[in-house]
Structures are given as structure tokens and as C-alpha cells.
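Protein chains in written order, with my numbering: chain A, 942 to 1307; chain B, 235 to 377.
Listed next, with one range per pair, are the computed distances between beta-carbon atoms:
no.	chain 1	residue 1	chain 2	residue 2	range
1	B	Ser242	A	Tyr1127	51 to 59 Å
2	B	Ala254	A	Asp1095	51 to 59 Å
3	A	Ala955	B	Leu326	51 to 59 Å
4	B	Asp269	A	Leu962	30 to 38 Å
5	B	Glu252	A	Lys1221	44 to 52 Å
Think of the hints as simulated: they come from the structure by calculation, not from any bench. Backbone N, C-alpha and C fix where the C-beta goes; we use that ideal spot for every residue, glycine too.
Next come the chains, spelled out residue by residue.
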Amino acid sequence: MNPIERLARAPIAALDFTNILLTQRDAAVAVTPKDVIWTHRETTLYRYRSNKRRHPVPVLLVFALINRPDIFDLRPGSSFVEFLLEEGFDVFLIDWGYPDEEDADIGLESYVCDELTWGIREALRCSGQDEISLLGWCIGGTLCLFYGGMQGADAVRNMVLLTTPVDTRVGVYTTWVGRESFDVDYVADGYRAVPGHVIDWANKLMKPVTNYWTTYRLLWEAVLDGQDRRAAYQPMARWIADNPPFAARAFREWITWMYKENRLMNGSFRLRGRLVDLSKIDQSLLVTTAGADHIAPPEGTHPLFDMVSSDDITRLDRPGGHIGLMAGSRARKEIWPDIAQWLRDRSDSTSPRRRNSNGNHRDSDS
Amino acid sequence: MADERHPSPAEETKRLYEEAETRTARAFENLVSRDSFGELLARMTENTVALTKIWTDIFDFALRNLRLAGRQDITRLARQLGRTEDKIEMLLQEVERLQDRLGVDARPGRTGDGRHASSGNGAGERPSGERGAAATTGSGDSS
Chain A
942 MNPIERLARA PIAALDFTNI LLTQRDAAVA VTPKDVIWTH RETTLYRYRS
992 NKRRHPVPVL LVFALINRPD IFDLRPGSSF VEFLLEEGFD VFLIDWGYPD
1042 EEDADIGLES YVCDELTWGI REALRCSGQD EISLLGWCIG GTLCLFYGGM
1092 QGADAVRNMV LLTTPVDTRV GVYTTWVGRE SFDVDYVADG YRAVPGHVID
1142 WANKLMKPVT NYWTTYRLLW EAVLDGQDRR AAYQPMARWI ADNPPFAARA
1192 FREWITWMYK ENRLMNGSFR LRGRLVDLSK IDQSLLVTTA GADHIAPPEG
1242 THPLFDMVSS DDITRLDRPG GHIGLMAGSR ARKEIWPDIA QWLRDRSDST
1292 SPRRRNSNGN HRDSDS
Chain B
235 MADERHPSPA EETKRLYEEA ETRTARAFEN LVSRDSFGEL LARMTENTVA
285 LTKIWTDIFD FALRNLRLAG RQDITRLARQ LGRTEDKIEM LLQEVERLQD
335 RLGVDARPGR TGDGRHASSG NGAGERPSGE RGAAATTGSG DSS
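So here's chain A without its partners, still in its complex pose (with noise of 0.2 Å):
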């Protein structure tokens, strides 16, 4: 297209990009059909349906406390839950909702101490198995190490951690919060709930030119250009968009101890009086960490080998961001089916808990 023909469709192009940016807000995003299984105040535990379970050892989808969990369903065509039906998983999502100023109670301890640990037993007798694998994504994996530190987490036998942040000394979010004149309980004190649209403001903040400006550009270059954007765009931006309040109590909490205190890696990290030894961490392992994640960088997951007692660790670096590494457009050819046949091998009735008794560690970086 040369100049003057983009300049004669410029028109045309502004009403379409503006069109895009106001209508995001009705994009559909997770519209897999699911049944509600259980629910505990803000706490949803779903099942998706399918006719296609094949293996035996049902997904539970853990998502972090801030954004919404619909990332694992984005939109029809790329999304994960979608992708883990197709290949005959049984698939269950807690979704942590919106908390409110009424939930400023509800902290760590809560969400794995009551919500998850409930939820996965929910899960399990929902499915009539005895054991599950987690599947954690950024403070959700979090989450899953917490539990399974408390708890020795008997009924999980594997677990999968995406972009997960361990040991906090390095990241922008520590530069900003870890330091002592931010003043967290002042924060949590103040809010009760702390708002989503401020951690997303403060999220998009780390890369601001990307986040204000480079996004909006390519989004009008390729409308301009003539490509038919929306059905990408749209639902990603929604998602983006649709941030939940973090409840006070597990902002401080999350703040205090994991960024200003990094207790996970000084091994004193407790929930309810109970140490979360990372050691009783015996299930099999898939670590996925992204190159270019400014949020959970992966020299803030690797520590994590050290400090885990599994036999069978599975690692995968790859590049990409903190989202994109499981949303982006090259998910669905990459990153996805490694994680769902490594899954698969582990999800079989017959096979025992603890493969690799041998020790073996494997590295697949690429």
C-alpha cells in the first residue's frame, strides 16, 4: 500500500481502531461451557465438560490473585482449557473471583489453607480419583508450592508451575515494594481491597512505552494495513482489562513476606503456624519459566530446584514474556503440547506416583 493509499483509507482505519478500543469491553472470553462444582464465598471451583476424558488424573487450574483465570480460556481457537479437552484431560479452574472490602480478612493462609486445599479435595471427589496435577501460573504456582510445602500434598502427584516467582531478590517489583519506605500496611490499611486498576497500572508501569503506546501502534498499523485484528486483540484486552481487588490482608501478607522479607527462600514461611518446607515437595515437576518475564524472571524460579526433594524435574526456558509465554499466538504450536504430553505421561492410572525414582533431572531448555 503506498502513501497516498493509506492516507485516503486513514479515515476509515481511525473509525475501525476506535471501534476495536471501545467494544473490547464486549469481547466473549471464556466461554467454554463448565459446570459450578463448588463454591466458598468468592471461591469457584469449576469443571469443564467433555465427552473426550481419557486420562485418569484430573487438571486443576490455579491462576494468580491478581487478573482473572479466564487467561487459560481466552477464546475459542487459543485457549488452554480448550486444548487440555482435546487431549482428554478431566479439567477443573478455581476462579478467586472479585474480593471486596468485605474479604479484607482473607489472606494467604485462606486462599491455601481453606479455598485451595478444599477445592482440590472438591475436585477429587468430583472426579472419583485420588490424586490430581496442579497446574499453577504466576502467584498460583505460588500457591501450589505453598500447599504443597504445608501439606506434603499427598493427593497431588504432579505439579506444573508456570512463570512462577520463588526467591524475590531480583525484579522491578521488588525495587518498588521490597523497599522499606513503601509502607504496605499503610496500603492495605487504607484500601481494605486493594484496587485492580491500580496493580495493573503499577504492572504496565514496568514497561510503559510497550504498555501506553507500542500496543495502540502496531493495533493501528495493522488496521490501517487492512488485517483484521479484533478477534485477537479484543479478548486479550479484556482480559488485560478485568483486574479483581486484592483482599488487604493477602496484599500485605503477599508484599510483606514473599518481597520485603523473601521467607519462601529463608525457609521461614508459615500459614497458620505451619513451616512451608519446600522440601516435602516430592511430586513430579514441570518449571516453565519465560525469558523475557519482567514480572517473574526465571532467575527467580530457579532456586527452586534446590530447595524441592522431586526426583523427576522438568524444566523449560523458553523466550517470551510473563503472559505471552502461555496467551501469545505461538502458545498453541509451542509451549502447550510440551505441557500436555508431559502430563500425559504422568497422568496414567497404573503408572506410580513417583517416576524417576532414580533421580533423574531432566533439562529440555530451548
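Model the placement of chain B on the given structure of chain A, informed by the hints.
Showing chain B alone in chain A's frame:
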């Protein structure tokens, strides 16, 4: 040797712009990761929280004087409901534990040994639905 195609002025301008944008992005990322920026952010956050608190208190005070339920009243009520739900949850879990121990199940589709009868989709599973009562979300649900 193949002829090298020279970029048009428009392409060259675009390339230069993109390079500048990348450099600017990197510069801003360096800027926000500095200690001084962290300090600035900490102060700004405190001021924002303080302003929010003042505004919320004034608004709540005004509502209460109008004899209307303010945010605090609703929060108190919702917290009470939450506590009640906690107790019901504990009670339900206790009932389920007892059912499992006794091998009794009032729900259809379960076997007497406390395990769930097969529904054809997988071995020994319980029919979907919130504690036996069907609760379904389908297409278009974004919850």
C-alpha cells in the same frame, strides 16, 4: 549477486521510528527500575491512599447522615454473611466426611462405598454440579 533492494523513504522512516521507539522503551524501563523511581512511587502511593481514605470517609459520613447505608454498613453485613458461609462450609464438609465414613450417600449416581458411580466420562466420577445441584455456566459466561 542478487540486487539489493533499497528501502523506500517511507520504509526507512518507519525503521528509524521503530528504532527510536525501542530505544525509548528501554530507557523508560531502566528509569522505572531505579531506586529513585521506587522511592517516588512509594510516596505517590501513600498520597493516593491518603486521598482515597479522606474521600471515602467524607462520602460515607454524608451517606450516614442521610440515614442511608454506607459502604461500611454494607461491608459489615457482607462480612457477617461470609462468616455464616464459613460455618455452613465446615458443617457440609463434616457431613460429607461422615457420609464417606458410613458409606452412605443421599445423592443419586453414587455407590454405597462412598466412591462415585461412573457417568461414562471417566472412572468413578460424580455428576457435575454444585454439591449435587446442577449449576452450569456456558457460552458467553465470563465469570
